[in-house]
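Chains L and V supply the protein sequences, listed in that same order. The first sequence maps to residues 1 to 113 in our numbering. The second sequence maps to residues 114 to 227 in our numbering.
There could be a bad hint or two in this list.
What the hints assert, rightly or not - For lysine-lysine, the following DSSO-like pairs were computed, each having C-alpha atoms within a straight-line distance of at most 30 Å:
1. K131/V x K100/L
2. K184/V x K68/L
3. K131/V x K166/V
4. K131/V x K52/L
5. K166/V x K52/L
6. K116/V x K77/L
7. K168/V x K112/L
8. K116/V x K60/L
None of these hints come from the bench; they were simulated from the model. Note that the structure is a prediction, hence the values are computed from the model and not measured.
Chain by chain, the residues run as shown.
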Amino acid sequence: GNSVTQMEGPVTLSEEAFLTINCTYTATGYPSLFWYVQYPGEGLQLLLKATKADDKGSNKGFEATYRKETTSFHLEKGSVQVSDSAVYFCALRGNTGGFKTIFGAGTRLFVKA
Amino acid sequence: DVKVTQSSRYLVKRTGEKVFLECVQDMDHENMFWYRQDPGLGLRLIYFSYDVKMKEKGDIPEGYSVSREKKERFSLILESASTNQTSMYLCASSRRELSYNEQFFGPGTRLTVL
């Protein structure tokens, strides 16, 4: 079945550092891929998405490229801020088999001033 | 502004009590979901619904039931709460079909069962 694997956290960075959070997936067909973010005390919200191979999703300085050849969707940001401290979830929704979205375990990011 | 609301942010119940968690969305979405979130385990799907009065079991339905009498409202019921149901519960909704439709989440209910 479909699955998502993302790097374990926590990840601790200093402000203005470069961020990469790795995400790989297993799926049949052509899934859509998502990154969600959860700020402290809140629910998840969509950060960015990509719906086909080689698409790049981007939002708030974050980017991720849908790489079908490596089955990956790594999240990157060139210069993190303290306000980026949150938990980041990689997710997959297949185009077969119904409505379920598969979430990774989440990666907690701490950014120090 | 689209919105998913949950009836309580924090809830404390005793073992054996019947617990109702309510979720309402104002986006006319067909699909609604209940997840629980536990440290190190990410989000696990409890139940989902793709239409009024329709429901499907997710990955961990044991000990839970759901009700969807109206399109905008999806309720999660713990028939007899137990301490291992202490968790964060997240409700979400999305449009039907099309794999690129993302989910919209409520703020969560942190449930403690004593």
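Discussion item. Of the numbered hints stated earlier in the document, which are not met by this structure?
Written reply: Hints 2, 4, 5, 7 not satisfied by this model.
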